[in-house]
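Q: Residue numbers (this note's numbering), protein chains in the order written: chain P, 7 to 466; chain V, 7 to 466.
Worth flagging that the hints you see were computed from the coordinates, not collected in a lab.
Note that the structure is predicted; figures quoted are calculated from it, not measured.
Warning: the hint list may mix true and false statements.
Since the list can't tell identical chains apart, any single copy or any two copies may satisfy a pair.
[To be verified] Below are the DSSO-like pairs computed for lysine-lysine, each with C-alpha atoms no more than 27 Å apart in a straight line:
| # | residue 1 | residue 2 |
| --- | --- | --- |
| 1 | Lys288 | Lys78 |
| 2 | Lys168 | Lys229 |
| 3 | Lys82 | Lys111 |
| 4 | Lys29 | Lys259 |
| 5 | Lys78 | Lys114 |
| 6 | Lys259 | Lys229 |
| 7 | Lys353 | Lys78 |
| 8 | Lys182 | Lys22 |
| 9 | Lys222 | Lys259 |
| 10 | Lys259 | Lys353 |
| 11 | Lys82 | Lys229 |
| 12 | Lys229 | Lys317 |
| 13 | Lys259 | Lys228 |
| 14 | Lys288 | Lys111 |
| 15 | Lys82 | Lys182 |
| 16 | Lys182 | Lys317 |
| 17 | Lys355 | Lys222 |
| 18 | Lys289 | Lys222 |
| 19 | Lys114 | Lys82 |
Protein chains: 2
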Amino acid sequence: MLVKIIQPEIIELIEKRDFATLKEVVADWQPVEIADLIVDLPTVQDQIILLRLLPQATSAAVFEYLALDIQKSLLKSLGNQDVATILNGMSPDDRTALLEELPAKMTKLALSLLSTEERQVAVSLLGYPEHSVGRLMTPEFIATTPSWTVQQVLDFVRENGKDSETLNVLYVVDEKGRLIDDIRIREFLVAPLNHLVRDLMDDSFVHLLVDDDREKALGVFKKYDRTVLPVTDNGGILIGIVTVDDMLDVAEKEATEDIQKIGAVESLDEPYSTIPLLSMIKKRAGWLSILFIGEMFTASAMGFFEHQINKAVVLALFVPLIISSGGNSGSQASTLVIRALSLGEIKLKDWFFVVRREFSSGLILGCILATLGFLRILIWQSISNIYGDHWLLVAVTVGFSLIGVVMWGTLMGAVLPLILRRLGFDPATSSAPFVATLVDVTGLIIYFTVAILVMRGTLL
Amino acid sequence: MLVKIIQPEIIELIEKRDFATLKEVVADWQPVEIADLIVDLPTVQDQIILLRLLPQATSAAVFEYLALDIQKSLLKSLGNQDVATILNGMSPDDRTALLEELPAKMTKLALSLLSTEERQVAVSLLGYPEHSVGRLMTPEFIATTPSWTVQQVLDFVRENGKDSETLNVLYVVDEKGRLIDDIRIREFLVAPLNHLVRDLMDDSFVHLLVDDDREKALGVFKKYDRTVLPVTDNGGILIGIVTVDDMLDVAEKEATEDIQKIGAVESLDEPYSTIPLLSMIKKRAGWLSILFIGEMFTASAMGFFEHQINKAVVLALFVPLIISSGGNSGSQASTLVIRALSLGEIKLKDWFFVVRREFSSGLILGCILATLGFLRILIWQSISNIYGDHWLLVAVTVGFSLIGVVMWGTLMGAVLPLILRRLGFDPATSSAPFVATLVDVTGLIIYFTVAILVMRGTLL
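Excised from the complex, chain P in its bound form (with noise of 0.2 Å):
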C-alpha cells in the first residue's frame, strides 16, 4: 500500500507557510494521498489553504475523497467562488450524497452556485427518493447504437470517454435511447475492428430501475458479480449507471442499520463521532423506554408470585440467573435468525424448518444449562449448607426451570423476527424488545410454576 513518509516536512512546510514548495510538492500526488494529507493537517484554515493551492480539476478529484463531514466544514469556510468550482466538478453520484446531508439552506446555495447544465443533473437526481438507485447514480456513461462498428466506438470513446465514470461496460441504446444491451469493453477489445455491435450483442442485459430501493441494487451486483450496472427509469430509457464501488458503502450502512437495530438502538445514520449528543441520546431513549415499559410487567409478574417469595426468599436468589439465560439463548436466536432472513438464507416459508431447528437446539442447550446451574447448587450446598435442608427441591426447582426458558427463550427468539417479517415490519428493528420482554415475563412464569409444582407440601 502506497504511504507517503514525508508527512513531517510538510508539515513544516505549513508552518514555515512555504505554500510555494508546497505546492510542486504535491503537485504528483494522487488526489487520494492528498486528502489523506488534507484530513491530517491540524485547521480548518490549513485544509483550505492547500485545497486552493490545488488545479481546478485537482481540487473537485481531492474534494471526492474526502469523508462527508469534512467535506461540510471545508463548504461552510470556503469562499462561494471556491465551493462553485468544486461542486461543478465533481461526479454527480458523489456530489448527491453531499447535497443530501447539507441543511435545506446550504444546498440551495450550492445548487445556486452551479452551471445551468448541473444544476439540471443534480437536481434531477435529488428528486429520487432517499435510499433509491437514483440517488447514487451518474448519469455519466457512454452510449452506442447497433449499427456502429467496432473501429467507430472505439474512435468514439477515444474522443468522448474523458468524462464517463467508468468505460468498463458500453451500452447499447434503440433510436428512442431505450437500453437493449450491456457489451463489456473486453468484447470490443477482442473483437475484430470491422465488426458491428450488432455483432457483439446477446440481447441480455441486467439493469435497475431507477426507484429500486438500493439495498435491492446491492442484492443485483452481489448475484451478477458486476462492477457497474445501467439504470432505466420505468420506460426502459437508459438514464444513468451505478458502480460498485457505491456498493460497498450500501453494504456497510445496511450491515450497520442492521447491527443497531439488534442492540437495540435506531440506526444513528451518522457516524459516533460526529452525531450531536442529543440525537444520539434521542435514537437511543426510545427503544430504551420501550424496552423498560416491557419490563415493568415483571414487577407485575413477580408481584403475582409475592406470596411464594415471601414463603422461600431463596426462590429469589435465582431470579436473575434464571431470566438472563432465557435472554441470552432469544438473543442469540434472534440474531442468527435476523441475519440469516437479511442474507436470504432462510425464507418465511421455511418457518418450519427453523422452529424443528430451534426447539432441538433450545432442548439441547437447555439441558446444558440445567446441568451447570444443578451442579452450582450441590457444590455450593455441600460446602456451605446455604439453601438449607430443602435444597434439592431447590436444585430440581432450577433445573427444570432453566430447561423450559431456554427452550422458551431459543423458539421466542427465532419465531418472533419470523412473524415481524410477516406482519411486514422490520424484524431487525422490533426483535430484540419483545423478545427481551416476552422471555423475561415468561420466563418468570415458568420459574415460579415449576417452583409450586415441585416445592408444594414442602416449602411452599
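Using the hints, position chain V against chain P.
A: Then chain V, alone, in the frame of chain P:
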C-alpha cells in the same frame, strides 16, 4: 431485472425427460440464469442432468454462479470426467473458494483431476493462509512493459485478453516482473495509438500484499474506490489480481461475523440453513455456558442481600426490571462502540471522548427511566395501595437505583470494548458476556445499597 418466466414449461420438459428441447431452450441463456434454474430443480439428479447438457465452457461458468453448498453436493454426485471439465474451466479464485470448503479427501481427488498447469495454480493459491488476499486472488491478468506503444498494448489485449479476469486495468512490470504501475484501460482508449506505455505512467499505484488479511484488502478497496487491485509478493513481483466482486462477499462475511459475535454466538462460518445442528449447538453452547457461569454471581449477590429481601420482599419485585435496564443500556452502548471501532470511526486514543459522551448519555437516559419507574410506582400505588405505607421509599429507591444502574451499564458497555481491544482481543467477540455479567452483578449491588441507604430505620 432479468427474469425468465418460462419456469413451468422447463419443469414440464424435465418431467417429460425431453432433454433435446431443454438443451435448445437454455442455449441462449446467460450462465447466471441457468444457475438459477439449477437451484430451482427439485433433485440433485435433475441438476446433474441439466449441467451435463451444457457445452463444456458453459458448464464451468454456470457452476461458478452456484452457491458453495450446491457446488459441494453436485461434485459428490458427478463423475470424475465431469468434475475434471468443470474444475479445469473455473476461474482460479472461485475454485479456491470451493476447494477450501471441501473435506480434505475430496480436495485431494479434485486436485488430481486438474491439468498439470491448473493444479500448480490451485495448489499455490491454497498455500496462502486462510482469510488472506492470496486465497481471493486470480493469476489471470494482463501485464505490459513501459516500452510498448498503445497500439501494441491494444493488439496484445485483443489476442490475449480472453482469459483475463478483467481488462479494466492493465499492469506495467519491469524486466524482473516487479509491479511498477497500474493504468486503467480508459487511459489506453483515449490515448493516441503511437504513444508509449511509459508516457501514460504516473509511477504511482496501490497494491495488496499476498499475505494481507482480507479485511485489510476491503479497507483498501473502499478507500481508493477501485474495482480491481494488483497483488504482489514481498519482493514486489506481480503475482495476481483481486476483483471487487469478491470484496462484496468479504464485506458481507465480516458483517455477519460481527453481528453473530454481538449476539453472543461464535461466528458460524456457514449459512444457518446448511450448518449441521450439532455444529451450531457447539458454537452457541460455549458462550451460553460462559454467560451462565458469569451470571451465577448474581445468585451470590442476591444471597448476600437475602436478609434485606427477607425483611422487605417488595425489593425482590423490582430486581428483574433493574437489571434488565442495566443490561439494555449496556448493550446499546457496546453495540455502538463496537461498530464504530470496526468502521474506524473511533480509535483507542478517543477513549476519553467516548467516556465523556457515555457518561452524559447514561445520566440522561438513567433520569428518563427513573422518571418512568417513579411514575409507574406512583400510579400503581394510587390505584391499589400495592406497595404499602412505605411506597414512597420504594419509589425513591427504584428511581435512584435506575440512574446508577443505567449510568454504570452505559459506561461499562462503552469502555469494555475499548479495554478488550487494548488488550489485543476482538471487541465484538468478548464484550457481550463481560458487559452482561458485570452489569447484572453490580446492578444488584447498586440496587440493594441504595435500598439500605434509603430504607434504613424504616423497612430495613
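Q: Now look at each hint and say whether the structure bears it out.
A: Each hint tested on the structure:
1. Lys288 to Lys78: within (23 Å within a copy, 48 Å between copies)
2. Lys168 to Lys229: between (30 Å within a copy, 22 Å between copies)
3. Lys82 to Lys111: within (12 Å within a copy, 63 Å between copies)
4. Lys29 to Lys259: Cα proximity of Lys29 and Lys259: none, with 36 Å in one copy and 43 Å across.
5. Lys78 to Lys114: This pair counts as within: shortest intra-copy Cα distance 14 Å, inter-copy 56 Å.
6. Lys259 to Lys229: both (19 Å within a copy, 15 Å between copies)
7. Lys353 to Lys78: between (41 Å within a copy, 22 Å between copies)
8. Lys182 to Lys22: Intra 60 Å, inter 43 Å, cutoff 27 Å: neither.
9. Lys222 to Lys259: Close inside one copy (14 Å) and across copies (18 Å); limit 27 Å.
10. Lys259 to Lys353: Cα proximity of Lys259 and Lys353: in one copy and across copies (23 Å, 19 Å).
11. Lys82 to Lys229: between (41 Å within a copy, 24 Å between copies)
12. Lys229 to Lys317: So Lys229 and Lys317 fail the 27 Å test inside a copy (62 Å) and across (64 Å) alike.
13. Lys259 to Lys228: So Lys259 and Lys228 pass the 27 Å test inside a copy (16 Å) and across (13 Å) alike.
14. Lys288 to Lys111: within (24 Å within a copy, 56 Å between copies)
15. Lys82 to Lys182: neither (43 Å within a copy, 50 Å between copies)
16. Lys182 to Lys317: Intra 85 Å, inter 85 Å, cutoff 27 Å: neither.
17. Lys355 to Lys222: within (20 Å within a copy, 38 Å between copies)
18. Lys289 to Lys222: within (26 Å within a copy, 31 Å between copies)
19. Lys114 to Lys82: This pair counts as within: shortest intra-copy Cα distance 13 Å, inter-copy 62 Å.
Checked against the numbered hints given earlier, this structure breaks hints 4, 8, 12, 15, 16; the rest are met.
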